[in-house]
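2 protein chains.
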Amino acid sequence: MAKDLVIGIDIGGQTSKCGIVDARGTVLAQTVIRSDNHTTVEPFIAELAEALNHIIAEAGAEGRIRGIGVGAPNGNYYTGTIECAPNLAWAHDRVEFAKLLSEQMNGIPVSLTNDANAAAVGEMTYGAARGMKNFIMITLGTGVGSGIVIDGNVVYGHDGFAGELGHTTAVRHNGRQCNCGKTGCLEAYCSAIGVARTAREWLEMSDEPSELRSLDKITSKDVYEAAKDGDKLALKVFDFTGRILGEKFADFIAFSAPEAIVLFGGLARAKEFLREPIQKAMDENVLSLWKGKVQIVFSQLKESDAAILGASALAWEL
Amino acid sequence: MAKDLVIGIDIGGQTSKCGIVDARGTVLAQTVIRSDNHTTVEPFIAELAEALNHIIAEAGAEGRIRGIGVGAPNGNYYTGTIECAPNLAWAHDRVEFAKLLSEQMNGIPVSLTNDANAAAVGEMTYGAARGMKNFIMITLGTGVGSGIVIDGNVVYGHDGFAGELGHTTAVRHNGRQCNCGKTGCLEAYCSAIGVARTAREWLEMSDEPSELRSLDKITSKDVYEAAKDGDKLALKVFDFTGRILGEKFADFIAFSAPEAIVLFGGLARAKEFLREPIQKAMDENVLSLWKGKVQIVFSQLKESDAAILGASALAWEL
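In the order they appear, the protein sequences are chains D and L.
Here the numbering used here is used: the first residue of the first sequence is 26, the next is one more, and so on.
Here the numbering used here is used: the first residue of the second sequence is 26, the next is one more, and so on.
Simulated from the structure, these hints should not be mistaken for laboratory data.
Warning: the hint list may mix true and false statements.
Heads up, the list lumps identical chains together, so a pair's fine if it works in one copy or across two of them.
Calculated cross-link-like contacts (lysine-lysine; reagent style DSBU-like; alpha-carbon spacing at most 35 Å) [said to hold, decoys possible]:
hint	residue 1	residue 2
1	124	316
2	318	158
3	124	158
4	316	158
5	327	246
6	28	242
Can you build the whole structure from these sequences, using the hints too?
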């Protein structure tokens with residue numbers, strides 16, 4: 026029987042999404058399991074394998090799975106390991122994830138990379154970056170991740186950990202504390218958490234009226250909703266966030282001269298408020314030869330499928 | 026007869042160095058012509074071809090030249106053109122340099138890239154980066170250039186102009202004016218001109234005693250000589266320069282996870298004063314996973330040969 030299907034798995038801090046995908050990018054069957062029910066990797070892998078076997082049976086895909094692609098925080102493409110992932114209780118050390126999962130799945134090959142690299146591969150295979158050979162994927166979620174594609178290949182670097190643009194420095198002096206231990210990282214300002222923090226800081230610092238004042242706990246989604254209502258403070262938060270992104274994008278362009286920067290993730294939904302300040306700050310900070318030449322593209326992938334598609338795209342290369 | 030030799034040409038603002046190189050990297054014959062005697066490209070190419078034919082005859086290399094590699098400011102690998110090079114009077118617009126030179130040289134193929142990319146290829150073929158597949162070359166000369174190597178290939182990007190790390194932002198607010206038109210660029214602080222400027226600014230701003238005060242016009246070489254004499258202000262200038270370099274290197278590492286950053290160019294001779302502050306600032310600003318893992322390497326190539334070797338290395342790929 027032809028091995029004409031792949032499995033994509035997106036491992037997040039709370040849930041892991043799994044799907045069976047055909048060559049056209051159609052998700053034939055999918056399921057979700059909790060990522061946070063276990064503190065060691067073996068029982069998590071056992072539960073994951075059970076869930077995969079279930080959807081394989083459901084889709085009539087026995088014997089047709091060519092490979093499994095996994096996107097995971099701190100996933101290393103070269104070694105198939107997940108290392109020191111703060112949000113995964115079973116991966117605080119170094120776990121041989123690809124090897125263990127392959128063993129549990131009767132030897133089906135498993136390819137693994139970090140979630141942002143998987144998203145970049147997905148976007149190149151099925152999404153907004155189809156046909157592009159040089160682009161940078163920026164994922165704006167709980168954190169800020171990145172996947173860099175040069176000449177059609179994801180950049181893994183010397184050690185497999187390349188593409189940590191969320192931890193480049195956006196604010197050099199007296200920058201915000203980042204989860205990584207450094208200060209001033211892009212992620213500390215432009216992640217969902219960073220946006221909520223900006224709003225909270227500004228509410229505290231000023232008396233400016235804002236519908237956000239009535240809320241107990243402010244999330245980036247609240248800021249987005251307020252901006253849609255025309256709330257001035259919320260709109261300024263997105264201006265500020267977009268400016269910092271655009272300033273850093275100018276530096277990234279000087280590195281790899283991409284044709285586009287592709288934005289993906291929950292916060293990228295706020296594109297009507299982010300696009301302009303990003304473009305403006307980028308154009309102000311980039312060498313004149315690139316002014317107006319690098320596109321800002323927002324992901325076109327259906328959010329619920331995107332993570333699975335991204336991971337599955339890895340498996341076709343196996 | 027075997028085509029077992031190549032020619033390397035390094036075009037600078039004042040002089041162009043040319044050499045015939047064998048496969049081991051031995052420079053068999055070399056010559057230098059002025060780059061600044063002409064305001065249009067054709068007579069410059071004619072003079073260059075004459076000089077090349079002269080050293081070909083001198084080395085008995087007629088019929089043995091496989092290709093010509095050229096490193097030039099604003100050289101584009103994809104198109105073989107030099108575009109808007111402010112320091113070359115005959116290339117203020119766009120000149121088809123590779124095509125014109127090949128025509129003048131009876132069809133010998135010509136490959137062209139910017140000078141920093143050429144230096145990176147040279148370092149990988151003959152120098153400190155032999156055996157490395159992932160490194161970043163930083164040239165500290167009149168300006169700050171860069172050549173980025175990923176998986177053994179120079180990164181040219183979508184348009185052929187990738188690797189302009191000298192024009193990433195080192196100082197975000199109220200930064201120094203850079204020649205490129207932007208402010209706060211790495212080049213404005215860490216080039217030879219930037220170092221001299223730092224010294225002049227600090228002399229003006231303070232009463233600190235320094236042997237540099239007796240000089241009319243201060244160059245980076247003067248600052249280096251003063252530092253060797255133990256001059257405290259000069260030593261602080263190198264500390265400052267090294268810190269800015271190290272801070273930016275941390276960002277570059279987050280991009281491509283190289284195994285080393287290789288420093289080349291006139292200012293890299295001050296390695297005894299730059300190495301420590303670079304390493305310290307880099308380690309303070311890099312994600313913990315890279316702390317202490319990325320080498321800072323100073324070029325081992327003999328300065329007089331290095332530029333020719335770098336350009337010549339390009340020609341082997343033809």
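Next item on the list: Tell me, in ascending order, the numbers of any earlier hints that this structure violates.
Entry: 6
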